[in-house]
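*Asks:* Please take these sequences and the hints and turn them into a complete structure.
The letter at position 13 of the sequence shown is residue 13 when you use this note's numbering, and the numbering goes up by one with no holes.
It is possible that some hints are incorrect.
As the list claims (entries may be wrong) - Label-pair ranges, simulated between beta-carbon atoms:
#, residue 1, residue 2, range
1, Pro117, Ala43, 36 to 44 Å
2, Gln101, Ile24, 35 to 43 Å
3, Thr48, Pro80, 31 to 39 Å
No wet-lab data here; the hints were simulated from the structure.
Cβ atoms here follow ideal geometry from the backbone N, Cα and C, with glycine treated the same way.
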Amino acid sequence: TYAGTPVPAPGTPRVDFLAGIPLISSRGVGKTGILLEVQGFPALPDGTASAVGTGWRAIGHFKDSGAETFPTWTAGLPLPADVATPPDSAGVGFAAIDGKQFVQFRITFYLRSGMGPFDPGPYLDRWDFYFSYDQ
1 TYAGTPVPAP
11 GTPRVDFLAG
21 IPLISSRGVG
31 KTGILLEVQG
41 FPALPDGTAS
51 AVGTGWRAIG
61 HFKDSGAETF
71 PTWTAGLPLP
81 ADVATPPDSA
91 GVGFAAIDGK
101 QFVQFRITFY
111 LRSGMGPFDP
121 GPYLDRWDFY
131 FSYDQ
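*Replies:* Following this line, the structure appears as structure tokens:
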């Protein structure tokens with residue numbers, strides 16, 4: 001969730017995202033503005049990251065809701081009719097990175113054609129990422 005008042009974890013409501021899609025950069029209400037992806041890498045015996053990862057997995061995307069600071073969060077990939085699936089996409093969800101010691105995130109912003117160089121675009125102001133690990 002991203003529309004509540006921040007409180008310490010595991011408080012309620014927990015704010016995971018602060019994001020926005022300004023009208024000037026919006027592709028239209030209901031259209032995707034931000035895509036979030038993750039991939040994981042195992043650790044090598046020397047403690048460094050392996051070069052072979054899980055591939056990019058979609059976590060979810062934000063669509064324009066008509067209110068800049070309250071875009072609609074949807075888990076998984078956007079529909080192909082909205083935006084093309086990234087060519088290097090390996091699926092959806094965090095499950096593929098379970099047990100991986102290194103994590104990499106990718107954020108893609110989709111812009112309205114004809115935007116000016118000084119027009120504000122979609123933004124991800126904060127992403128609080130809660131996780132657990134077992135050493």
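*Asks:* Lying within 36 to 44 Å: is that true of the beta-carbon distance Pro117 to Ala43?
*Replies:* holds (42 Å)
*Asks:* Mind checking the hinted window 31 to 39 Å against the Cβ distance between Thr48 and Pro80?
*Replies:* holds (37 Å)
*Asks:* For the hint 35 to 43 Å, verify it against the beta carbon of Gln101 and that of Ile24.
*Replies:* Hint holds: Cβ distance 41 Å, inside 35 to 43 Å.
Of the numbered hints given earlier, the model fails none.
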